[in-house]
Each structure stands twice: as structure tokens, then as C-alpha cells.
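> Since the structure of chain A is already known, use the hints to place chain B on it.
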Amino acid sequence: GAGVSQSPSNKVTEKGKDVELRCDPISGHTALYWYRQSLGQGLEFLIYFQGNSAPDKSGLPSDRFSAERTGGSVSTLTIQRTQQEDSAVYLCASSLASGSNGDEQFFGPGTRLTVL
Amino acid sequence: GNSVTQMEGPVTLSEEAFLTINCTYTATGYPSLFWYVQYPGEGLQLLLKATKADDKGSNKGFEATYRKETTSFHLEKGSVQVSDSAVYFCALKGVTGANSKLTFGKGITLSVRP
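Here the protein sequences come in this chain order: A and B.
Sequential numbering of the first sequence, starting at 1366, is according to this note's numbering.
Sequential numbering of the second sequence, starting at 270, is according to this note's numbering.
With the rest of the complex left out, here is chain B:
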């Protein structure tokens, strides 16, 4: 079955530091890949996505590239802000029918200090 593995956390960074959160996946076929974010006290929301190999998703300064050869979708940001403190989830989604549910990684908590 499908699975997503995220690096273990929590992660604490200083403001303006470089961020990488690793994510690898196991899936049949060509899934879509997502990063969801959950800010404190808020619901889960989509941060970015990529639907095919070599696609790059980007939003709010975050980027992730769909790498089929390494089955990875690592999240990066060049300069984090305190407002980026949240829990980040990597997820994949199959193409149709029973595979269309999201399979999530365990999530990683990011804390950015001023």
C-alpha cells in the first residue's frame, strides 16, 4: 500500500534560517504529492502540491520538487519567519477511486524563534 515517511521532529530554527523537511514516499503508479500545514489553533490547509514527476510546487516562499527517481518531495524555504511555526504534513494521493484518499506522514512541528 501507499505510505509516506517524514523526518522526525520537532525542528527549532532561528528566524531567517534555511529550512528543509524531508519526505519520501512509497506508492504504485504516479501519485500526486502534497504538503499540508496546520498553524496553531487552525485547521489543516494545503500549502503546495505537485502532480507529476519534476513538477515544483511553491507557495509562501516554500518549494518542493516531485522527484520520482528518489521518491521524494522535500519541503524547503530559504528564510523562515516566526509566522511559519506550525505542523507540516507530507501527503500523497492516488489517481482514482479507492486510491484517492490522502495518505499522510506523521507530521513535523516547526518552531521558529525570533
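Chain A with its partners taken away, still in its complex shape:
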């Protein structure tokens, strides 16, 4: 079956512009996560959605970052007024539910963001 998909695969933008990154989770997965992978910081958690509960935004690095999940499926991560330090690979993952601590998170291929 289809895995987690993300778009675009690559995004180059100028400093100060806004960008939107999209994630389509695996159908039926109620939990959705965004992570960021950068050279200096490794893999960092950004935000987590579980069903209709309020999202866990504890990993968002600044108020320029926001995310939403419409209809419990597709999610969009928005970065406003991008800075060069936002350059990274943004990874989306989904899992069946977060209630079981062994649930595997399935990762998408990522969006490579470059801020010039």
C-alpha cells in the first residue's frame, strides 16, 4: 500500500518568504508527527497530532512555525519569514495510534528546504 508522501521533495526559497510543506499520512493512521533533520541538530521533534486532540507543539522552534491537520488526514507545516537556519530536511511520520508504545512510526521521504 501507499506509504507516507510529502511534497514538494525539494524547496528553495529566499530569506523572508513563507513556505508550506505538505504531508499525506498512511490511510487510517491517526497519529502524525513532524520532525526536522539538520546537520547541526540531528533529528528533532517539531509537532504531533493525535486524532481530534489538541496538538503537541512543544518542539516548534519559534512562533514562525505552525502546522495544521485537516480532517484528521493531510497536514501542512508552515514556516513564515524563513531564515537560513531553517534549512533542513523536514520529515513527516504517521502511526496507527500513540496509545501503544510499540507502534511503529512510518516516515515519508522528506522535504529538503533550502533558504538562500
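I should point out that these hints are in silico values taken from the structure, not numbers from a laboratory.
Each residue gets a CB set at the ideal place from its N, CA and C atoms; glycine is no exception.
Hints may be right or wrong, so weigh each one.
Restraint ranges, calculated between C-beta atoms of paired labels, are given here [to be verified]:
#1 B/Asp323 / A/Arg1446: 46 to 56 Å
#2 B/Phe287 / A/Gly1381: 46 to 56 Å
#3 A/Leu1404 / B/Met276: 28 to 38 Å
#4 A/Arg1446 / B/Arg382: 26 to 36 Å
#5 B/Asp323 / A/Gln1449: 16 to 26 Å
#6 B/Thr340 / A/Leu1461: 43 to 53 Å
#7 B/Arg382 / A/Thr1443: 39 to 49 Å
#8 A/Leu1404 / B/Val351: 48 to 58 Å
Only chain B this time, still in chain A's reference frame:
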């Protein structure tokens, strides 16, 4: 908060050598432990996992045992192949709610030469 510490890399081995990649963690309660692998040009994928103390996860010849007494989850393989060249991440996951995100180590690059 939760944290994962991996040994520093990169690691270069000859084919058929024995591999150990150390991983230790700090967490409250009883987290689940994972090893993820990222092959060149590919996305992150689960290699193996263990959900409780003394569990052994295994896959593709790799093994790791959940050791609560030493808070460790070291990855081992008896005979590595060139195709094992990749970046390996140790990670933990809390049980519920806000702790269900994955906390990753910094990753280690393994290169296996023929």
C-alpha cells in the same frame, strides 16, 4: 526530559567484521526503544525495536537488547556487509500522549568496505 546518547562516528569496517554501536538513554517510566536506519538516498526506516526490559529486537542479522539496568540498547551484528552502509539512529518513545514522540540520538554513519 528524555534523551538518547549514541557513540560518535563515523565508523568504518571491513566486510564480515563484527559491529557494535552503543546507545544509552535517559527516560522516565518504561519507554520503547528503536533503531532506525537511513540508507543512502532513502528515507528513514525502522530496523528493530524492543518495548520492555530484556526484550531483544532483531532484523536483517542485527540485534539489540533492552537493558534497563544499564539503560542501554546497543546494536550488534556478527558479520556486516557492504549493503549495511548507512546512518543508524537510536531512538526512544514514551508511552502515551505528549511522550509518544520519538527522541533520537545524533546518528552514526557506518561505512563497510569490501
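> Hints first: check each against the structure and report whether it holds.
Results for each hint:
no.	hint	in the structure
1	B/Asp323 / A/Arg1446: 46 to 56 Å	49 Å, holds
2	B/Phe287 / A/Gly1381: 46 to 56 Å	51 Å, holds
3	A/Leu1404 / B/Met276: 28 to 38 Å	19 Å, violated
4	A/Arg1446 / B/Arg382: 26 to 36 Å	45 Å, violated
5	B/Asp323 / A/Gln1449: 16 to 26 Å	46 Å, violated
6	B/Thr340 / A/Leu1461: 43 to 53 Å	27 Å, violated
7	B/Arg382 / A/Thr1443: 39 to 49 Å	44 Å, holds
8	A/Leu1404 / B/Val351: 48 to 58 Å	25 Å, violated
Of the numbered hints given earlier, the model fails hints 3, 4, 5, 6, 8; all others are met.
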